[in-house]
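Peer 1: Residue numbers (the working numbering), protein chains in the order written: chain A, 1 to 114; chain B, 1 to 110.
Any given hint could turn out to be false.
[Unchecked claim] Listed next, the stretches of chain B that the computed footprint assigns to chain A, with coverage defined by at least 3 CB atoms under 8 Å from CB atoms of chain A:
no. : stretch
1   : 34-47
2   : 95-109
[Stated by the list, open to error] Below are the SDA-like pairs computed for lysine to any residue, each with C-alpha atoms no more than 20 Å apart in a straight line:
no. : chain 1 : residue 1 : chain 2 : residue 2
3   : B       : Lys97     : A       : Ser49
4   : B       : Lys97     : A       : Gln57
5   : A       : Lys99     : B       : Gly94
6   : A       : Lys99     : B       : Thr65
7   : A       : Lys99     : B       : Phe109
8   : B       : Lys97     : A       : Ile54
9   : B       : Lys97     : A       : Arg44
The set of hints was computed from the structure by calculation and includes no laboratory data. Here the structure is a predicted model, which means the values were calculated and not measured. The C-beta atom is built at its ideal place from N, Cα and C for all residues, glycine as well.
Chain residues, written in single-letter form:
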Amino acid sequence: NAGVTQTPKFQVLKTGQSMTLQCAQDMNHEYMSWYRQDPGMGLRLIHYSVGAGITDQGEVPNGYNVSRSTTEDFPLRLLSAAPSQTSVYFCASSYGQSKVYGYTFGSGTRLTVV
Amino acid sequence: KNQVEQSPQSLIILEGKNCTLQCNYTVSPFSNLRWYKQDTGRGPVSLTIMTFSENTKSNGRYTATLDADTKQSSLHITASQLSDSASYICVVSGADKLIFGTGTRLQVFP
């Protein structure tokens, strides 16, 4: 049982480059979310999805796009990378409402933008 | 403003000792409170969840308490082990969102 799988684990980008962070879960969870974790701050919600075909913005959505074409996959796209997007990114999934069922988190993607 | 504050920021203890981590929150309305453990280089893993009516919840050597009146929670670790070295994150659920604390970094030395 793989749980939530994120790729890549590490990535270095140049300012202005674009890339996609991959996230896949095999638990048939409806809810999926992307968070970023920065030193001295709590995890902040970027985008979330309550089911295939449905996405919505979180607390810090600017500079990021998402799509949810299948229940399993929830990729996060950085449109034009900026140094402020240097962070650790976590994908998380939940059977239902995260506040009720809790999250299963991936292992994270450490992104550095130079 | 909905906030979750954790203390201390970091803690060093010797293997076998007990410790207590604190979480104070101002989230309203309150739905539930979770403690997560995050090992270095890994994602957070849920340890306990408590609703308004629960005062104590245990998971092995981890015991969480909740005082909904004072809006405080604590996580007590008994007989610490080297594998307890991690960050511990308090997460409070409000009406429609989760509020994450910044975590307490615990280091257990032999």
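Peer 1: For each hint, tell me whether it holds in the structure or not.
Peer 2: The hints, checked one at a time:
1. Look at the stretch 34-47 of chain B against chain A: 7 of its residues bring a Cβ nearer than 8 Å to a Cβ of that chain, three or more, so the hint holds.
2. With 7 residues having a beta carbon nearer than 8 Å to a beta carbon of chain A, the stretch 95-109 of chain B meets the requirement of three or more and the stated coverage holds.
3. Simply put, Lys97(B) and Ser49(A) have alpha-carbon atoms about 13 Å apart, close enough for the 20 Å limit, and the pair holds.
4. Distance hint between Lys97(B) and Gln57(A) is fulfilled; the C-alpha atoms sit about 12 Å from each other, no more than 20 Å.
5. At roughly 8 Å between alpha-carbon atoms, Lys99(A) and Gly94(B) fall within 20 Å of each other, so this suggested pair holds.
6. For the hint linking Lys99(A) to Thr65(B), the alpha-carbon distance of about 18 Å falls within 20 Å, and the restraint holds.
7. Between Lys99(A) and Phe109(B), the direct Cα distance comes to roughly 34 Å. Violation of the 20 Å bound is thereby established for this hinted pair.
8. A distance of roughly 17 Å separates the Cα atoms of Lys97(B) and Ile54(A); the hinted pair therefore holds under the 20 Å criterion.
9. Using a Cα cut-off of 20 Å, the hinted pair Lys97(B) and Arg44(A) holds, with the two alpha carbons roughly 11 Å apart.
Going down the numbered hints, you'll see the structure goes against just number 7.
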